[in-house]
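S.K.: Here are the chains, one letter per residue:
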Amino acid sequence: MSETTQYQEINDLLSKNSSYKEGFFTQTIVDTFAKGLNEEVVRAISAKKNEPEWMLDFRLKAFAHWKTLEEPHWAKANYDAIDYQDYSYYSAPECNSCSSDCPSGNKGLSMEMDPEVAKAFASLGVPIYGEDSAEKANIAVDAIFDSVSVSTTKRAELEKLGIIFCSFSEAVHDYPELVQKYLGTVVPYHDNFFAALNSAVASDGTFVYIPEDVRSPIDLSTYFRINEAKTGQFERTILIADKNSYVSYLEGCSAPVRDSYQLHAAVVEVIVHENAEVKYSTVQNWYPGDEDCEGGILNFVTKRGICEGAHAKLSWTQAETGSAITWKYPSCILKGDYSIGEFYSVALTNRRQQADTGTKMIHIGKNTRSTIISKGLSAGKSDNTYRGLVRILPSAEGARNFTQCDSMLIGDQCGAHTFPYIEVENATAKMEHEATTSRIGEDQLFYCQQRGISEQDAISMIVNGFCKEVFSELPLEFAQEAEELLAISLEGSVG
Amino acid sequence: MLLTVKNLHAQVADEIDKPILKGLNLDIKPGEVHAIMGPNGAGKSTLSSVLAGREDYEITDGTVEFSGDDLLALSPEERARKGVFLAFQYPVEIPGVSNKLFMQTAVNAIREENGLPALDMFDFDRYAQSKIDLLKMPKDLLDRSVNVGFSGGEKKRNDIFQMALLEPKLCILDETDSGLDIDAMKVVANGVNSLRSPDRSFIVVTHYQRLLDYIKPDFVHVLFDGKIIQSGGFELVHALEEKGYDDMIQAHQQLQHNQK
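Protein sequence lines correspond, in order, to chains A and B.
Quick note, the first sequence lines up with residues 1 to 495 if you use my numbering.
Quick note, the second sequence lines up with residues 496 to 755 if you use my numbering.
Calculated directly from the structure, the hints in this document are not laboratory data.
Any given hint could be a false lead.
What the hints assert, rightly or not - List of simulated lysine to aspartate or glutamate pairs, DMTMM-like, C-alpha gap at most 20 Å:
no. : chain 1 : residue 1 : chain 2 : residue 2
1   : B       : K595      : A       : D57
2   : A       : K468      : B       : D638
3   : B       : K595      : A       : E455
4   : B       : K595      : B       : E560
5   : B       : K577      : A       : E455
All chains, please: the whole structure from these sequences, using the hints.
M.R.: Structure representation (structure tokens):
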């Protein structure tokens with residue numbers, strides 16, 4: 001496939017960042033992996049999806065590059081090196097054996113859905129039969145089960161407006177020009193170790209295109225479910241908002257309890273054109289593992305968006321409660337003049353969970369603005385790290401950033417860490433950074449208990465109060481879900 | 496009897512051999528208002544904390560019965576749900592949590608204990624407004640975060656407001672008057688007086704007599720060295736006002752000396 005060179009300079013700029021270079025662009029050569037994952041597997045995945053030549057080329061290029069990279073361990077999280085040969089790279093509900101002579105599995109929509117899969121999504125509360133309850137559910141859903149998209153609802157309705165909302169595999173077939181135009185432009189295959197791995201073995205994901213002057217009347221969403229044991233999920237999501245358009249996109253995820261670690265390495269690319277606005281919300285509830293976080297999801301995600309045109313706006317909101325290890329930095333490249341980037345995050349860790357999450361705001365255009373509100377909650381024996389970069393390039397005349405990082409400790413065996421990186425190369429920039437650390441005090445708990453409120457309710461009330469600023473950015477039902485998740489995730493965190 | 500305290504001994508949990516309460520006895524009937532007075536370090540705040548169930552204290556001897564329950568066996572929230580309310584000497588701030596959410600949660604926890612259905616947002620609002628009117632509290636009280644940015648007086652008033660909402664059987668005011676100017680003290684006293692009823696009792700712990708001039712307790716006890724050394728009616732307040740604690744303490748020590 002053809003590299004879109006216009007983004008090359010941005011990536012070069014990014015790679016110049018010394019503090020982050022070690023992490024995102026490791027260059028050391030390591031031993032190559034044998035078995036489990038090899039070129040044949042990559043070819044097989046591509047064949048399984050009946051992919052055109054350009055897509056296979058993209059995969060192979062990425063795979064060749066991935067083999068030269070070393071697994072990054074700079075995040076403030078301890079984990080053993082992952083045995084990539086120990087994972088399966090393709091799993092689909094309709095044929096578990098996955099031999100290469102399977103009939104084409106890419107047409108997720110046309111095939112009958114496995115009733116068990118349907119049941120799974122129903123019990124997760126995901127409305128996969130959009131047409132049945134069209135009046136009720138004001139949301140379109142793409143449901144992804146292991147490696148394939150099993151259902152995408154409300155497509156016809158959206159198509160009338162010219163909105164494309166389908167699985168990534170379908171987009172490769174039905175909209176090859178669009179996919180080729182944008183794939184790997186924001187997150188190139190050589191961006192980092194996990195992005196390279198994802199580019200090589202990308203399973204499924206969601207493709208969204210909002211045409212010029214269209215406001216999506218409903219929220220679009222994807223629900224990811226990892227089901228098979230020892231399976232990696234490597235979804236690839238591309239979202240494009242053309243000029244003067246608007247979309248609110250939601251993402252939810254979960255996985256069953258397993259006793260071995262599961263791998264999740266996703267790549268999300270968002271392109272926001274002139275005057276367009278994208279709200280991207282995530283409620284991440286991957287399985288965090290048992291008491292010691294053995295067997296949880298290892299979540300290594302590269303999310304990045306570019307505000308391509310003037311007055312473009314991209315806003316990331318995330319509630320991270322699951323995963324044994326989270327490694328995730330949804331970022332905004334503010335290229336268009338007057339473009340706006342926002343990052344609102346609540347990251348909760350409990351037990352032995354480790355989260356290293358934050359954002360990168362790269363200011364390139366004039367009068368670009370970014371806001372970062374990060375709320376980290378640590379309980380149990382967990383570690384919670386905010387790592388963020390705000391970079392003002394020489395061209396970014398009049399750029400502004402406001403950053404607020406608040407940490408809350410629950411109990412006395414957890415850790416909260418903040419690593420803010422601020423690099424300013426234009427003297428007209430205005431930067432604000434605020435940070436607080438607090439602890440849920442015995443006094444607060446006793447005060448609540450003395451009013452008849454149980455300790456558990458008191459904690460979730462205080463925690464939700466702490467997270468209010470972020471939750472108010474989430475769509476309503478999502479905010480509620482996030483609040484409930486926090487309460488569940490905090491159970492047994494004190495005493 | 497609503498509350499029966501017998502031979503209560505208590506100390507700070509990790510400071511053994513430093514007893515604070517040394518055999519305290521107290522009986523309170525429904526509807527009575529008892530004042531507990533005494534010099535600094537007598538054990539006044541310890542008594543309040545022990546009755547409310549603060550974990551920092553360890554009970555080494557004695558019993559406390561509340562409406563037929565063994566109070567010491569109950570968790571702090573169970574005590575609260577059964578009708579024990581403590582107005583704090585230093586009400587705690589809870590950022591981000593509105594008074595409304597806080598008190599709706601509390602009221603519903605207590606309603607559940609009493610087998611009543613939970614109040615929804617609208618019912619609670621109506622109920623809370625009625626109490627705000629009764630106590631002449633500021634209208635925006637419910638919308639503010641619990642005690643955040645409140646002055647000392649406002650915090651105490653907020654505690655009295657909470658007391659009115661929860662309708663407890665036993666209200667313990669732990670030096671509520673400390674640090675209050677005369678106007679704030681009047682507000683607190685008015686609050687307490689308007690909540691007095693034949694089935695609600697009060698323990699008013701205080702260092703000064705001023706608050707008691709407004710509240711007019713039925714009984715006054717003087718606490719010294721972990722014990723009640725003298726009990727009486729409202730006249731005891733005036734005796735203390737004239738002579739201070741010293742005379743009473745010296746008389747008490749002389750008495751003990753003679754007994755030995």
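S.K.: If a hint holds in the structure, say so; if it does not, say that too.
M.R.: Comparing the hints with the structure gives:
| no. | hint | verdict |
| --- | --- | --- |
| 1 | B/K595 to A/D57 | violated (60 Å) |
| 2 | A/K468 to B/D638 | holds (14 Å) |
| 3 | B/K595 to A/E455 | holds (18 Å) |
| 4 | B/K595 to B/E560 | violated (32 Å) |
| 5 | B/K577 to A/E455 | holds (17 Å) |
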